[in-house]
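For the record, the sequence lines run as chains A and X.
For what it's worth, our numbering labels the leading residue of the first sequence as 1, then goes sequentially.
For what it's worth, our numbering labels the leading residue of the second sequence as 1, then goes sequentially.
Any given hint might turn out to be false.
[Said to hold, decoys possible] Covered by chain X, according to a simulated footprint, are these stretches of chain A (three or more residues, beta-carbon under 8 Å): (1) 50-61; (2) 99-111.
[As the list claims (entries may be wrong)] In silico DSSO-like links for lysine-lysine, alpha-carbon gap of 30 Å or less: (3) X:Lys-7 <-> X:Lys-65; (4) A:Lys-68 <-> X:Lys-65; (5) X:Lys-65 <-> A:Lys-42; (6) A:Lys-42 <-> X:Lys-7; (7) A:Lys-1 <-> A:Lys-100; (8) A:Lys-100 <-> A:Lys-42; (9) A:Lys-100 <-> A:Lys-68; (10) X:Lys-7 <-> A:Lys-68; (11) A:Lys-68 <-> A:Lys-1; (12) X:Lys-7 <-> A:Lys-1; (13) A:Lys-42 <-> A:Lys-1.
Keep in mind the hints are simulated off the structure, nothing from the lab.
Just so we're clear, the structure is a prediction, and the values are computed from it rather than from any experiment.
Glycine included, each C-beta is placed from N, C-alpha and C at the ideal position.
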Amino acid sequence: KQEVTQIPAALSVPEGENLVLNCSFTDSAIYNLQWFRQDPGKGLTSLLLIQSSQREQTSGRLNASLDKSSGRSTLYIAASQPGDSATYLCALRTGGATNKLIFGTGTLLAVQP
Amino acid sequence: SAVISQKPSRDICQRGTSLTIQCQVDSQVTMMFWYRQQPGQSLTLIATANQGSEATYESGFVIDKFPISRPNLTFSTLTVSNMSPEDSSIYLCSVAGTTDSYEQYFGPGTRLTVT
């Protein structure tokens, strides 16, 4: 059974720091992996999607990597800002559209001004 | 990408009543998904709704408690029936993109509090 874990559960950093969020999974047979951001009491915003054949994706200050052999994905945030404060969730899909997303436990990020 | 709207955005309901949540997508999609997020928890899939067929429910969720309608390719409703305080959660509607990437998009959520 696929399990997805995110470490750390919570993280507090001063503004301007670069930081890395981790996502681990137990089964390397994945279709893709998606990183989301969730503000308190709100829905999810898709940040980056990495297909199983890709190693990384970049969007602005965000960079996500995928290493299937080690069962890991990382989300790198450069030059963090207070507006980055949110919960970050990774979710992986094991097949095509008929397969559900399996969500990680989430990392609550607070960027202090 | 897909733009998803949900109504209501939040509600406070009394125990024993029912609430119907609406989800509207700006494009036609084959499958719509309903998720629940309990306080402090990650997301759990309730059911998958295909147009023209019965919804498929995940383990632990039943149709009598969470009836779903899917009348067309852009709209779905989820009803939370006979509510108890344990149903207090954020309920989210979601769709998967139609390209091979199957990128998933989520609505803004409905925050439900049951008193």
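Hints versus structure:
1. Residue count for the segment 50-61 of chain A with a Cβ under 8 Å from a Cβ of chain X: 1. That is fewer than the three needed, and the coverage hint is violated.
2. Coverage of the segment 99-111 of chain A by chain X holds in this model, with 6 residues showing a Cβ closer than 8 Å to a Cβ of that chain against a need of three.
3. A threshold of 30 Å between alpha carbons decides the hint, and for Lys-7 (chain X) with Lys-65 (chain X) the separation of about 19 Å falls inside it, so the pair holds.
4. Pair hint Lys-68 (chain A) plus Lys-65 (chain X) does not hold up; C-alpha atoms about 38 Å apart against a cutoff of 30 Å.
5. About 24 Å separates the Cα atoms of Lys-65 (chain X) and Lys-42 (chain A), which keeps this hinted pair within 30 Å; it holds.
6. Between Lys-42 (chain A) and Lys-7 (chain X), the direct Cα distance comes to roughly 13 Å. Compliance with the 30 Å bound is thereby established for this hinted pair.
7. Taking the CA atoms of Lys-1 (chain A) and Lys-100 (chain A), the gap is about 13 Å. The hint holds against a cut of 30 Å.
8. A C-alpha spacing of about 21 Å is found between Lys-100 (chain A) and Lys-42 (chain A), which places the hinted pair at or below 30 Å, so the restraint holds.
9. Straight-line distance between C-alpha atoms of Lys-100 (chain A) and Lys-68 (chain A) comes to about 19 Å, which keeps the hinted pair within the 30 Å bound.
10. Under the criterion of a C-alpha separation no larger than 30 Å, the hint pairing Lys-7 (chain X) with Lys-68 (chain A) is inconsistent with the structure, at around 39 Å.
11. The suggested pairing of Lys-68 (chain A) with Lys-1 (chain A) holds, with an alpha-carbon distance near 16 Å, which does not exceed 30 Å.
12. Annotation: proposed proximity of Lys-7 (chain X) to Lys-1 (chain A) is violated, straight-line Cα distance about 35 Å (limit 30 Å).
13. Restraint check: the Cα-Cα separation between Lys-42 (chain A) and Lys-1 (chain A) comes to about 29 Å, which is no more than 30 Å; the hinted pair holds.
Figure legend: structure checked against the earlier numbered hints; hints not met, in rising order: 1, 4, 10, 12.
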